[in-house]
Amino acid sequence: MKSADRQTRSYLMDLFAEHGFNPRTDLGQNFLIDLNIIDFIVDEAELTSNDVVLEIGAGTGGMTSFLAQTAAAVISVELDTNMHMLASQIAAPYENVTLLHCDALKNKNHFNSLVLE
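The working numbering puts the first residue of the sequence shown at -12, with every later residue one more than the last.
Mixed in with the good hints there might be a few duds.
Label pairs and their in silico Cβ distance ranges [claimed, not checked]:
#1 LEU14 / SER36: 29 to 35 Å
#2 LEU2 / SER100: 28 to 34 Å
#3 ASP38 / GLY7: 35 to 41 Å
#4 LYS95 / THR68: 19 to 25 Å
#5 ALA4 / LEU41: 28 to 34 Å
#6 ASP21 / ALA59: 31 to 37 Å
#7 THR35 / LEU101: 21 to 27 Å
#8 ARG(-7) / LYS95: 19 to 25 Å
#9 GLN76 / LEU22: 35 to 41 Å
#10 LEU92 / LEU22: 26 to 32 Å
#11 ILE43 / ALA79: 19 to 25 Å
#12 GLU33 / ASN9: 32 to 38 Å
#13 ALA59 / GLY7: 15 to 21 Å
#14 SER100 / ASN37: 24 to 30 Å
None of these hints come from the bench; they were simulated from the model.
C-beta atoms are modelled at their ideal positions from N, C-alpha and C, and glycine is treated no differently.
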């Protein structure tokens, strides 16, 4: 993993201040900043260069960049407009990332058709 992709608490706070918004608690937004946990998740997923990952809730793209370094493709979904904009900037260098701006669910029991395409 490239440590340059790491998003620390202070980095995120500065990023939100720079763009003039805060995470939306009504969407339950939380951000994974512990590299040990990120590495654990990626390692446990046992991703290969043949895998396609569906990431629901891309947030600022912190996990997206780590997934993109191993998987064949990452489909990331983000509902929040501000977070989608930030994730788009992080995902830009990765040709294998598709970032969708929508709700991943059509309703409680069905995925949005955009996610399934």
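Here's how the hints hold up against the structure:
1. LEU14 / SER36: 29 to 35 Å: 32 Å, holds
2. LEU2 / SER100: 28 to 34 Å: Roughly 32 Å apart at Cβ, these two residues keep to the hinted range, so it holds.
3. ASP38 / GLY7: 35 to 41 Å: At roughly 37 Å between Cβ atoms, GLY7 and ASP38 fall inside 35 to 41 Å, so the hint holds.
4. LYS95 / THR68: 19 to 25 Å: 23 Å, holds
5. ALA4 / LEU41: 28 to 34 Å: At 31 Å between Cβs, range holds.
6. ASP21 / ALA59: 31 to 37 Å: 26 Å, violated
7. THR35 / LEU101: 21 to 27 Å: About 26 Å separates the Cβ atoms of THR35 and LEU101, which means 21 to 27 Å holds.
8. ARG(-7) / LYS95: 19 to 25 Å: 35 Å, violated
9. GLN76 / LEU22: 35 to 41 Å: 20 Å, violated
10. LEU92 / LEU22: 26 to 32 Å: Holds - the Cβ-Cβ distance for LEU92 and LEU22, about 30 Å, lies within 26 to 32 Å.
11. ILE43 / ALA79: 19 to 25 Å: Roughly 20 Å apart at Cβ, these two residues keep to the hinted range, so it holds.
12. GLU33 / ASN9: 32 to 38 Å: Given about 35 Å between the Cβ atoms, the range holds.
13. ALA59 / GLY7: 15 to 21 Å: For ALA59 and GLY7 the Cβ distance comes to about 36 Å; the hint is violated.
14. SER100 / ASN37: 24 to 30 Å: 25 Å, holds
The earlier numbered hints that this structure contradicts are 6, 8, 9 and 13.
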